[in-house]
Amino acid sequence: MTGPADGFDLEAFLPYLLNQAAEATSRSFQAVYRDDFGLTRTQWRVMANLGKFGSMTARDICAISHIEKTKVSRAVAGLEADGYLRRQKAPQDRRAEILSLTPKGRDVFLRLGERAMAYDRELRAGLGPDVSAALEEFLRQLIREGRDMPPDEDADSGA
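Here the sequence shown is numbered in the UniProt record's numbering, starting from 1 and rising by one per residue.
Treat the hints loosely; a few may be bogus.
Pairs of lysine-lysine residues, derived as BS3-like cross-links and limited to a Cα-Cα distance of at most 30 Å, are as follows [stated by the list, open to error]:
#1 52 with 89
#2 89 with 69
#3 104 with 71
#4 52 with 104
#5 89 with 104
#6 71 with 52
#7 89 with 71
#8 104 with 69
#9 52 with 69
Calculated directly from the structure, the hints in this document are not laboratory data.
Owing to the predicted nature of the structure, the values given are computational and were not obtained by experimental measurement.
Start from the sequences, fold in the hints, and give me the full structure.
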């Protein structure tokens, strides 16, 4: 067994730092969708994708969001039970279902979207305009570079 002074420092490992930053900001915003609307993180992410992109399959959501399919399935079932989304059989593939927000789901998405934009403004204000702009560009660069990598079956767990 090696000690902390033997080379690798997890807390200096950039993927770990990125994951920790993502978790910290995600947990901070979680109070809005969980406490105010009773949604889980995955439910919020499913709603956000349907709100932004419109109707799509659960497989599409998994691909866009890098969320494991079992988590998406559970989120979809909960959102459907709460009346936020509906499923329809895909005409081209009867095994697939097209998911879309109901009017109730669209209303919640719009209200949450307003809260998300306010949260984003506060976060950016705390960083300052120069740091915020630079950080956004750095993150977009990392995302572009990561698009060439094969998908990971455990992609939503972080580093």
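Checked hints:
1. 52 with 89: holds (21 Å)
2. 89 with 69: holds (18 Å)
3. 104 with 71: Holds. Residue 104 to residue 71 sits at ~22 Å (cutoff 30 Å).
4. 52 with 104: Holds, because 16 Å separates the two Cα atoms, which is no more than 30 Å.
5. 89 with 104: Given pair residue 89, residue 104 holds - Cα atoms ~21 Å apart, limit 30 Å.
6. 71 with 52: holds (20 Å)
7. 89 with 71: Cα-Cα ~20 Å, so holds.
8. 104 with 69: holds (24 Å)
9. 52 with 69: holds (20 Å)
The structure is consistent with each of the numbered hints, conforming to all of them.
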